[in-house]
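A.B. asks: Chain by chain, the residues run as shown.
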Amino acid sequence: MTFLSGNQALARGAWEAGVRYATGYPGTPSTEILEELVRYPGVDAHWATNEKVAFEEGMGFAVAGGRALVTMKHVGLNVAADAFMVFPYAGTNGGFVVVSADDPGMHSSQNEQDNRYLARMARVPIVEPGTPQECLEFMRAAFDLSEAFGTPVMFRTTTRTAHTKGRVRTGERFEAPPVAFTPNPRRFSVPIYGRQLRPLLEDRLTRLAAYAETAPFNRVSAGGHPIGVVANGISRAYAREVLPEADHFELGLTYPLPLVGLLAFCRDHQTVYVIEEGDPFVEEQLCAAGATNVVGKAVFGPGGEYSPERLAQAIDGRVAPAPLEAGLPLPARPPMFCVGCGHRTVFDVLGQLKVTVAGDIGCYTMGALPPYEAEHLTFCMGASIGNAVGLQRAGVTRSLAVIGDSTFLHSGLPGLVDAVYTRTPVTVLILDNGTTGMTGQQPNPVTGHDLAGAPAPAVDLEALTRALGVDDVVVVDTWDRSGIRRAVLAAMAHAGPSVVICRGPCQLLPEMRAQDRQPLVVDEALCTECNACYRIRCPAITPGPNGLPTIDAVACVTCAVCQELCRYDAILPLPGNGRGVAAPPAPANGGAR
Amino acid sequence: MTAAATSTAAATSVLVAGVGGQGVLLVSELVARAAIAAGHDALQTEVHGVSQRGGSVHSHVRFGATVHSPLIPVGQADLVVGLEKLEALRFAHYVRPDGALVLDPHEIPPISAGAEAMARYPHDAADLLRRRGLRTLEVPATDLALRELGNARVANVLVLGFLSTLLPLPPDVWPDLLAEQVPARFLALNRRAFALGAALGRAEDDAAARRSVGVRRGAIPR
Chain E
533 MTFLSGNQAL ARGAWEAGVR YATGYPGTPS TEILEELVRY PGVDAHWATN
583 EKVAFEEGMG FAVAGGRALV TMKHVGLNVA ADAFMVFPYA GTNGGFVVVS
633 ADDPGMHSSQ NEQDNRYLAR MARVPIVEPG TPQECLEFMR AAFDLSEAFG
683 TPVMFRTTTR TAHTKGRVRT GERFEAPPVA FTPNPRRFSV PIYGRQLRPL
733 LEDRLTRLAA YAETAPFNRV SAGGHPIGVV ANGISRAYAR EVLPEADHFE
783 LGLTYPLPLV GLLAFCRDHQ TVYVIEEGDP FVEEQLCAAG ATNVVGKAVF
833 GPGGEYSPER LAQAIDGRVA PAPLEAGLPL PARPPMFCVG CGHRTVFDVL
883 GQLKVTVAGD IGCYTMGALP PYEAEHLTFC MGASIGNAVG LQRAGVTRSL
933 AVIGDSTFLH SGLPGLVDAV YTRTPVTVLI LDNGTTGMTG QQPNPVTGHD
983 LAGAPAPAVD LEALTRALGV DDVVVVDTWD RSGIRRAVLA AMAHAGPSVV
1033 ICRGPCQLLP EMRAQDRQPL VVDEALCTEC NACYRIRCPA ITPGPNGLPT
1083 IDAVACVTCA VCQELCRYDA ILPLPGNGRG VAAPPAPANG GAR
Chain B
143 MTAAATSTAA ATSVLVAGVG GQGVLLVSEL VARAAIAAGH DALQTEVHGV
193 SQRGGSVHSH VRFGATVHSP LIPVGQADLV VGLEKLEALR FAHYVRPDGA
243 LVLDPHEIPP ISAGAEAMAR YPHDAADLLR RRGLRTLEVP ATDLALRELG
293 NARVANVLVL GFLSTLLPLP PDVWPDLLAE QVPARFLALN RRAFALGAAL
343 GRAEDDAAAR RSVGVRRGAI PR
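These protein sequence lines map, in sequence, to chains E and B.
According to the numbering used here, the first sequence is numbered sequentially starting from 533.
According to the numbering used here, the second sequence is numbered sequentially starting from 143.
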């Protein structure tokens, strides 16, 4: 018996299922799956440039007959959707499972899309676990399902299932025998033979629907209670908490639905609550099939994450205690750039220059938050450059794009090519911290090593952007505030598209954390209380008991940006290392993802 | 294919709250692992993403014979543990009427929220909670860890030591757990922090609060 998160259990399940190839792109709440899986023997696991590439690699491997796992967050499947919609026409040889990690409540996402609709559109079965144990068992079974029907399978998790830890019984690895691959254009050249393949897709769906009626993923516990519950995923746990006496139809296979069994369940109960986060995916299908006693989104409401108290309030009006307030609303505590983060200087400069900035997805999305508010539109991965081109062509001059190294390679590249091709004078800031920071420092093609830690070629961003046709490319130290200002002003004056690469490693990288750095201190004799050092909003600089700024010696990483701001040279290295004792352990699972 | 219609009502529920970097998740994970070591079922949950960026972090732990929901319903936590004053107040409404709030009166100004929000910092949170009739046990863990152990970062393990005297778990599960979960080079320091917190818990004179949380379960061998 081990204690595993949903993601860890899911990785274990994939390993036990005999997966030999696993790839994906980092994205909360899916990231830990590959990080866990790479530790197991016999699995070739790596990060791909983006979700579409990951999906296509997995397709190739599975068509060749091996079992492949592909992981991504919900919006990542949009990037891979082109492949996802076509693959089912051919179907797979070896087992193919794509993890879609959805995020009800938008804990760390830009939207709340329910990817079950994508699977339905693609005619792909959906497996949804509700507990860490099911993450393991259902994953094993999902590969069997995939091979039995020759279909890709969507394995849908949510933030709560992915990040809940519990006891898990593990098993042994099953060395899945490779399924033979014979080159066959009539099956695998879908654009040519799609019309012939189309009926096979419907036939497979019909067979899957028949299978769903007795699929072991679904469980019914009925004892003649007048109230019935149909629930999926983590909602099943909340339903058992709130309606322990009711009869429960627990769905683990949510597409295709066991409609015969579900309609019989509806007939046997006075009222049936359909409890599903996201959209009314099950509810609508039940109503379309003729159920008339189903209660769902009308009482539980649209959007957001479910919780026991949300269900209790909807079902019987039980109102949970409200948060306490100290007379006034409690101050929020939004996330912020880490101490010494190289993005802070960039947004300080951009805010000062009052330029229009299209942002992108990464830690630097926080540049849109106060006090900077220096990003003016942010939508999705790679959008910044295309958005800036559009702004510029609409007359918003001069438009800037801000994008990180990983996001630039993920989907920013085509936007920059287009800026060059359309001769649109936008300025692109590539914040190159050498890693995929927001999701917890995953290596990417600029890093120089791979997921397993092996050395890998590093993309040369200067050479790359020049090769695309950008003739004004400069690199600046991301902690050099005045250097960034000069570089951005010069790049904005350039007649064509220009690129400023702001470079400096993420402070959370292990090699940065391991550095023995001498923290800075405010010399009280020299400090004039001009408060210029607060300008950079470093969390390590706060007012001390005597009113003077003080620097937290434990937190300071000596980025020295405050030193540049101090005109009185009152910020100096602290004698000794200032920390007294060795750093204590970081929280065991304190990784930011 | 039937599942018993059991409820999680008999479970012990602990919510740990704090600021990214304080070690909230370590505390909750160790409580869950201790419960499992003692033979319980246990679930722990949190939302990742802001834990290293100075944001508000909280984690739910529930243990007992059967646990369904990893989320503690509002108003049903036996204990809310605040490693920071503002975060303790933010989650105080999770405490059940006969539960208790364990509070490190340490203050971390929410500077990312701006000066106007900083001015609303509830310095008198502990008094406020007591006035509302909530049993509030103050553990000056950050201050003690710094003064007694020379390292404020083990405040979380000090609080864990304190919790070990309140939770319905046998005391002998903790030493092995620390050895297993804390890197060897920091183990001695963490053991001292844990022992300091446990001593504080045993000395805690709010016996009524202890009874309400622990003895109600009838499972604290003390």
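Note that these hints are calculated values from the structure, not bench results.
Only a predicted model underlies this, so the values are computations on that prediction, with no experimental measurement involved.
Just so you know, not all the hints are guaranteed correct.
Cβ-to-Cβ under 10 Å is the rule here; a few derived chain B residues that face chain E [to be verified]:
| id | residue |
| --- | --- |
| 1 | Ala-180 |
| 2 | Ala-340 |
| 3 | Gly-343 |
Below, simulated SDA-like cross-link-like pairs (lysine to any residue); rule was C-alpha separation at most 25 Å, straight line [as the list claims (entries may be wrong)]:
| id | chain 1 | residue 1 | chain 2 | residue 2 |
| --- | --- | --- | --- | --- |
| 4 | E | Lys-886 | E | His-908 |
| 5 | E | Lys-886 | B | Ala-255 |
| 6 | E | Lys-886 | E | Arg-955 |
| 7 | E | Lys-886 | B | Gly-256 |
| 8 | E | Lys-886 | B | Pro-310 |
| 9 | E | Lys-829 | E | Gln-665 |
| 10 | E | Lys-829 | E | Arg-751 |
| 11 | E | Lys-886 | E | Ser-1014 |
All residues carry an ideal CB built from backbone N, CA and C; glycine is no exception.
A.B. asks: Does Gln-665(E) sit within 25 Å of Lys-829(E), going by the straight-line distance between their CA atoms?
C.D. replies: It is violated: about 28 Å lies between the C-alpha atoms, which goes past 25 Å.
A.B. asks: Measure nothing beyond the straight line between the CA atoms of Lys-886(E) and His-908(E); if it is 25 Å or shorter, mark the hint as holding.
C.D. replies: 11 Å, holds
A.B. asks: Against the 25 Å threshold, does the CA-CA distance of Lys-886(E) and Gly-256(B) hold or violate the hint?
C.D. replies: Within the cut-off at roughly 20 Å; holds.
A.B. asks: Need the status of pair Lys-829(E), Arg-751(E): alpha-carbon distance at most 25 Å?
C.D. replies: 22 Å, holds
A.B. asks: Holds or violated: Lys-886(E) and Pro-310(B), Cα atoms, limit 25 Å.
C.D. replies: At roughly 58 Å apart (the allowed maximum being 25 Å), Pro-310(B) and Lys-886(E) break the hint.
A.B. asks: Min Cβ distance, Ala-180(B) to chain E: is it shorter than 10 Å?
C.D. replies: 13 Å, violated
A.B. asks: With 10 Å as the cut and Cβ atoms as the points, is Ala-340(B) at the interface with chain E?
C.D. replies: 18 Å, violated
A.B. asks: Take the C-alpha atoms of Lys-886(E) and Ser-1014(E), compute the straight-line distance between them, and say whether it is at most 25 Å.
C.D. replies: Holds: Lys-886(E) and Ser-1014(E) sit about 16 Å apart, inside 25 Å.
A.B. asks: Has the given pair, Lys-886(E) with Arg-955(E), been kept, meaning a C-alpha gap of at most 25 Å?
C.D. replies: Roughly 24 Å between the alpha carbons, so the hint for Lys-886(E) and Arg-955(E) holds.
A.B. asks: Are the Cα atoms of Lys-886(E) and Ala-255(B) separated by 25 Å or less?
C.D. replies: 21 Å, holds
A.B. asks: When the nearest CB of chain E is found for Gly-343(B), is that gap smaller than 10 Å?
C.D. replies: 21 Å, violated
Of the numbered hints listed earlier, those contradicted by the structure are 1, 2, 3, 8 and 9.
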